[in-house]
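Asker: Note that the protein sequences, when read in sequence, are chains Z and R. Counting from 1, one number per residue, gives the positions in the first sequence under this note's numbering. Counting from 256, one number per residue, gives the positions in the second sequence under this note's numbering.
Simulated from the structure, these hints should not be mistaken for lab results. Keep in mind that a hint or two might mislead.
[To be verified] Derived EDC-like pairs: lysine to aspartate or glutamate, alpha-carbon spacing no greater than 20 Å straight-line:
(1) Z:K170 - Z:E3
(2) R:K297 - Z:E16
(3) Z:K191 - Z:D142
(4) Z:K83 - R:D413
(5) Z:K87 - R:E374
[What the hints assert, rightly or not] Partial list, derived from the structure: chain Z residues whose beta carbon lies under 8 Å from chain R:
(6) L55
(7) W72
(8) L95
(9) F97
(10) P104
(11) H105
(12) L109
(13) S152
[What the hints assert, rightly or not] Stretch by stretch, here's where chain R covers chain Z in the computed footprint (C-beta under 8 Å, at least three residues):
(14) 114 to 120
(15) 188 to 199
None of the values given here were measured: they were computed from a predicted structure. Ideal Cβ placement from N, Cα and C applies to all residues, glycine included.
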Amino acid sequence: MAEVLVEIKNLKKTFENGTEVLKDFNLSVNKGEVVSIIGPSGSGKTTALRCATMLTPISGGSISYLGKKATWEENGTVHVANKHDMKEIKQSFGLVFQNFNLFPHYTVLQNITDAQIHVAKVPKSEAIDRAVNLLDRLGLSDKRDFYPCNLSGGQQQRVSIARALALQPKVLFFDEPTSALDPELTGEVLKVIKQLASEHMTMIIVTHEMQFAREVSDRIVFMEGGVIQAEGTPDELFNAIGNTRFLEFVGKYNM
Amino acid sequence: MSFGVILSQLGGGMVKSIEIFVLTLLFSLPLGLFVALGRMSKLKILSGIIKIYIAIMRGTPLMLQLIVVYFAPYYVFGINISSGFRFTAVIIAFSINYAAYFAEIFRAGIQSISIGQWEAAQILGYNKAQTFFKIILPQVIQRIIPPVTNETITLVKDTSLSFVLSIAEMFTIAKQIGAREASIIPLMIAGLFYFIFNYIVAFGMDRFEKKMSYFR
């Protein structure tokens, strides 16, 4: 049986102003799976991802990693895992941001090695080895001593992918990884994600790139209004008899 | 009185001014950082107290604060004040006063860093202290150099206020010589000294700013 890495059950999120962004979100991701979450703006996909990565506290339901509960709601109170478990849980996932969020005062190499050395306690020489390997794989070998401000957006995003991968997460989340890039630079980032998919990296990707989602995903989740409207393999969803609302949404992208 | 004697006496006062300047910066900058953190604390009581402290420090004359700090041990604790406490009182008063201004500069700097930097650090597993000191603070320092330079230059000139506690800093000595010689020249020379001092401060800060501009 496939190993379940992430399990999100009945996830609810209501903001302080009363807006119900997630009503009942369920997602279970197996090892090696690539899942894309798509949907119109305001559908709750980014919020779902922020809840899953513990950046935003949940309002209801539960989130588990490797069978361990990270956060859950019980009788109106939201709990989080104890410090020890949380450390393990946090090490099991990584996140690539829409705006990269590289550390501007660190070089490319430092961006990739610093957390390895000071958080994961990897020996410095090994951390550098890993970083150099990753830069090599992502075609950035000649950029290791550059500062982020001297890189293009596409290069910055690839560095941020390398930074996440360096901590060897079991699952990698992407929050609209190409939305801040112009179309010319989008390709190089998507290529890297495809490469990772071919290496069976488990990934959960929030994206607006329909064609990319279709090509790379094992499963597509279509969200609207805080709930999952449709879910299935790309073939199932893009089929003419698929979910009408999904096809209407995708149709606007002129596929 | 020869010109040389005037210069050497002013020079002695200048050393006192520099001492006040250096010690105040040494204490008020780190203190200001912690005051800023307290000001941003989620603990309402802490941030409230800090707000009042900043309001008092900014809202009353530094000269009055010098006097209050000097006499506080006597009026509050009944301790006899030795004359040696005068210089200590000057440093305490200047440090807590400048810390209030620096705190607001630090706060503005910290709040100008995008939330994404905190989130990226959180995702990568940095703890709060690591996030603040390794990731956020270096970026804050780069951004606050210009306003800190402003305050630092003001501090150079404010050192003259320590005359209220009879500290023989440069301006006090210039006034004494000027009165004795019935001449404005000593004051003008003191002015030139302040100008040169500040020119050096501004030059140093400019170099530091350039050195810190290796990232954006």
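Asker: Now tell me, hint by hint, if it's right for this structure.
Answerer: Verification of the hints:
1. For the hint linking K170 (chain Z) to E3 (chain Z), the alpha-carbon distance of about 11 Å falls within 20 Å, and the restraint holds.
2. The suggested pairing of K297 (chain R) with E16 (chain Z) holds, with an alpha-carbon distance near 17 Å, which does not exceed 20 Å.
3. Among the hinted pairs, K191 (chain Z) with D142 (chain Z) is consistent with the structure: their alpha-carbon atoms are about 19 Å apart, no more than 20 Å.
4. Distance restraint check for K83 (chain Z) and D413 (chain R): the Cα-Cα separation of roughly 49 Å exceeds the 20 Å cut-off, and the hinted pair is therefore not satisfied.
5. Taking the CA atoms of K87 (chain Z) and E374 (chain R), the gap is near 16 Å; set against the 20 Å cutoff, the hint holds.
6. Taking 8 Å as the C-beta contact cut-off toward chain R, the hint placing L55 (chain Z) at the interface holds, the least distance being around 6 Å.
7. Using the Cβ-Cβ criterion of 8 Å, the hint placing W72 (chain Z) at the interface with chain R is not satisfied: the shortest such distance is roughly 20 Å.
8. Hint status for L95 (chain Z) relative to chain R: holds, with the closest Cβ pair at about 5 Å, below 8 Å.
9. Hint status for F97 (chain Z) relative to chain R: holds, with the closest Cβ pair at about 6 Å, below 8 Å.
10. A cut of 8 Å between beta carbons decides the hint on P104 (chain Z): the least distance to chain R is about 5 Å, and the hint holds.
11. Checking H105 (chain Z) against chain R by beta carbon gives a least distance of about 5 Å; that is within 8 Å, so the hint holds.
12. With 8 Å as the threshold, the beta carbon of L109 (chain Z) stays out of range of chain R, its nearest partner Cβ sitting at about 14 Å, so the hint is violated.
13. Look at S152 (chain Z): its Cβ only gets to about 14 Å from chain R, farther than 8 Å, so that hint breaks.
14. Coverage of the segment 114 to 120 of chain Z by chain R holds. Counting CB-CB distances below 8 Å, 5 residues qualify, and the rule asks for three or more.
15. A count of 0 residues in the segment 188 to 199 of chain Z with a Cβ less than 8 Å from any Cβ of chain R is obtained; the coverage claim is therefore unmet, three being the minimum.
The earlier numbered hints that this structure contradicts are 4, 7, 12, 13 and 15.
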